[in-house]
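The listed protein sequences derive, respectively, from chains A and B. Going by the numbering used here, the first residue of the first sequence is number 1, and it counts up by one from there. Going by the numbering used here, the first residue of the second sequence is number 1001, and it counts up by one from there.
Worth double-checking, as some hints may not be accurate.
What the hints assert, rightly or not - Have a look at the derived ranges for each label pair, beta carbon to beta carbon:
(1) A:Gly57 with B:Asn1106: 35 to 41 Å
(2) A:Gln161 with B:Lys1019: 34 to 40 Å
(3) A:Gln161 with B:Ser1137: 25 to 31 Å
(4) B:Asn1240 with A:Glu89: 38 to 44 Å
(5) B:Asp1078 with A:Phe5: 24 to 30 Å
Said to hold, decoys possible - Calculated lysine-lysine pairs in the BS3-like style (CA-CA distance at most 27 Å, straight line):
(6) A:Lys48 with B:Lys1115
(7) B:Lys1077 with A:Lys159
(8) A:Lys243 with B:Lys1115
(9) A:Lys165 with B:Lys1064
(10) A:Lys159 with B:Lys1064
It is worth saying that the hints were derived from the structure and are not from the lab. Where a beta carbon is used, it is the ideal one built from N, C-alpha and C, also for glycine.
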Amino acid sequence: MMKQFMLRVAFILFIIVVWQILFILNIWPEFLFPSPLMVANTLSDGFKDGTFIQAIGASFRRLLLGYLISIIFGTLLGILIASNKIIEEMIGPFILALQSIPSIVWLPLALLWFSLGETAIISVVVLGGTWNMVINSSTGIKNVQPILIRAAQTMGINKIQLFWKVILPASIPHLITGMRLSWAFSWRALMAGELIGSGDGLGQILMWGRDMGNMSLVISVILLIGSIGYLTDNFIFKKFEDKVLNRWGLDVK
Amino acid sequence: MAFLKIRNLSKHFIQQDKKELEVLKDINLEINNKEFVTLIGPSGCGKSTLLNILAGLITPDTGKVLLNNRIIPGPGKDRVMVFQEAALFPWLTVIENVMFGLKINNIDKNTAYEKALKQLKAVHLANFKDSLPHQLSGGMKQRVAIARALVMDPDILLMDEPFGALDEQTRLILQKELIDIWLDTQKTIIFVTHNIREAVKLSDRIVVLGTNPGYIIDEIKIDLPHPRERENPYLVKLENRILKLLQNQMNTVGVYDEAVYA
Chain A
1 MMKQFMLRVA FILFIIVVWQ ILFILNIWPE FLFPSPLMVA NTLSDGFKDG
51 TFIQAIGASF RRLLLGYLIS IIFGTLLGIL IASNKIIEEM IGPFILALQS
101 IPSIVWLPLA LLWFSLGETA IISVVVLGGT WNMVINSSTG IKNVQPILIR
151 AAQTMGINKI QLFWKVILPA SIPHLITGMR LSWAFSWRAL MAGELIGSGD
201 GLGQILMWGR DMGNMSLVIS VILLIGSIGY LTDNFIFKKF EDKVLNRWGL
251 DVK
Chain B
1001 MAFLKIRNLS KHFIQQDKKE LEVLKDINLE INNKEFVTLI GPSGCGKSTL
1051 LNILAGLITP DTGKVLLNNR IIPGPGKDRV MVFQEAALFP WLTVIENVMF
1101 GLKINNIDKN TAYEKALKQL KAVHLANFKD SLPHQLSGGM KQRVAIARAL
1151 VMDPDILLMD EPFGALDEQT RLILQKELID IWLDTQKTII FVTHNIREAV
1201 KLSDRIVVLG TNPGYIIDEI KIDLPHPRER ENPYLVKLEN RILKLLQNQM
1251 NTVGVYDEAV YA
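Just chain A, same shape as in the assembly (with noise of 0.2 Å):
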């Protein structure tokens, strides 16, 4: 664990020490390319005065409503497409489809329906989540093991306990890696919807630091997403991801 740590802390200071010498030899202008020391005072100038504070807010309002939105619905057409095949067979492959188009595709026509407001990212933010949803869902459903649903029959279960007692717990594994990556689509779709919509996300700072050719602050919002993209996924959805798997015995490496 700590070998790991120092190896990717020495890989950082060595990106930075590259950058600093490039900086140096003055090969691009410095509204261009700007040194590591003055991305670093932009960070910290944005978090001081709140900018970046506020603008990480409103962008996770945005994404939490689109992605609760997304992992509801999806995981309800899941649970139908799994149940019913006749909805399976005419839907299916529409589903794979939809999950196919990247989501900035969906924005001409969310802006030209909400126009230029929080209704049209949220909703980019949903159909950027909710197709994977629909499948790992459905696909978590289909896949129980049929000797656990055998077992319980003999056991004297009915329908309905059925599923919320067998089904869907068995299930729990897929939903959850549903959940994992239906989170990691919905804040690409986000960061894609607000690049062009309008208010005060991370999407929008970039955009707004591209326009003032700003590009200290373009690489830092740029660093934030990634960084705030491999927090969430890293230290919640895999921990949660984990604790799950293990408990239902399942490998984890």
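Let chain A serve as the given structure and place chain B on it in line with the hints.
Frame of chain A; chain B shown alone:
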């Protein structure tokens, strides 16, 4: 008077190549209360299918199953099944697994807990009540599965090759434990195996099934007290007799597809 009556039971499945496969043909069998009956036969004789029909998990094409003179209406807690794989719920602890059947039948939590604990003691697993299934060995899992079935206090315990996946020592231990439980609880047990030695060691009666389609070749009663010595000459003779019956089967039927049905 017979307790469980199987009348003119037939069953076929449709194979992947759309061909019809007759699995059971005109099975008639009566099983008494408190009897330990073993169904034995080569793979494909329909012994597991027959057990699943008794459990109500498979519906027969023709014929009927009567328990206490009433037609069985599908799966029910009066006929609990133990499978070859323990089929424990991986998200529940050992004791929660044993309580599962009681709770879905609306037995209150404290009573369910007490009963489950008592049953776990009977299979020597009380110390593992808070473990998760994946932390147990194969033999321990199967003990939990047996406890989970017994706690329901079923009329009949159906066992589908319950020791088939265990190593020899564990298998011997569990056979002994099962006989102790059976003597103690006086349950009717219908046991499926393809292990002849296991069959003669455990059963009051062995039903030998032939294949293609499955039918009853012979029924063999064993009036010997438990525990039975494996070297007992009478049992050895029985083993040979059953082996011959099954070998004749294989010769007349020839090569058959073992993987067609379980």
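I want to verify a distance hint. Is the separation of the beta carbons of asparagine 1240 (chain B) and glutamate 89 (chain A) within 38 to 44 Å? violated (55 Å)
Range hint 34 to 40 Å (beta carbons of glutamine 161 (chain A) and lysine 1019 (chain B)) holds or violated: holds (37 Å)
Verdict for aspartate 1078 (chain B), phenylalanine 5 (chain A) (Cβ pair) under range 24 to 30 Å: violated (60 Å)
Quick one: are glutamine 161 (chain A) and serine 1137 (chain B) within 25 to 31 Å, going by C-beta? Holds - the Cβ-Cβ distance for glutamine 161 (chain A) and serine 1137 (chain B), about 30 Å, lies within 25 to 31 Å.
Take the C-alpha atoms of lysine 165 (chain A) and lysine 1064 (chain B), compute the straight-line distance between them, and say whether it is at most 27 Å. Not OK: lysine 165 (chain A) and lysine 1064 (chain B) at ~31 Å, beyond 27 Å, violated.
Go ahead and decide if the range 35 to 41 Å is satisfied by the Cβ distance of glycine 57 (chain A) to asparagine 1106 (chain B). Violated, since glycine 57 (chain A) and asparagine 1106 (chain B) (Cβ atoms, about 48 Å apart) do not stay within the stated range.
Taking only the CA atoms, is the gap from lysine 1077 (chain B) to lysine 159 (chain A) under or equal to 27 Å? Within the cut-off at roughly 15 Å; holds.
Are the Cα atoms of lysine 243 (chain A) and lysine 1115 (chain B) separated by 27 Å or less? violated (30 Å)
Between lysine 48 (chain A) and lysine 1115 (chain B), does the CA-CA distance stay at or below 27 Å? violated (62 Å)
Could you grab the alpha-carbon distance between lysine 159 (chain A) and lysine 1064 (chain B) and see if it respects the 27 Å cut-off? With Cα atoms ~24 Å apart, lysine 159 (chain A) and lysine 1064 (chain B) stay inside 27 Å; holds.
Violated hints for the displayed structure, listed by number in ascending order: 1, 4, 5, 6, 8 and 9.
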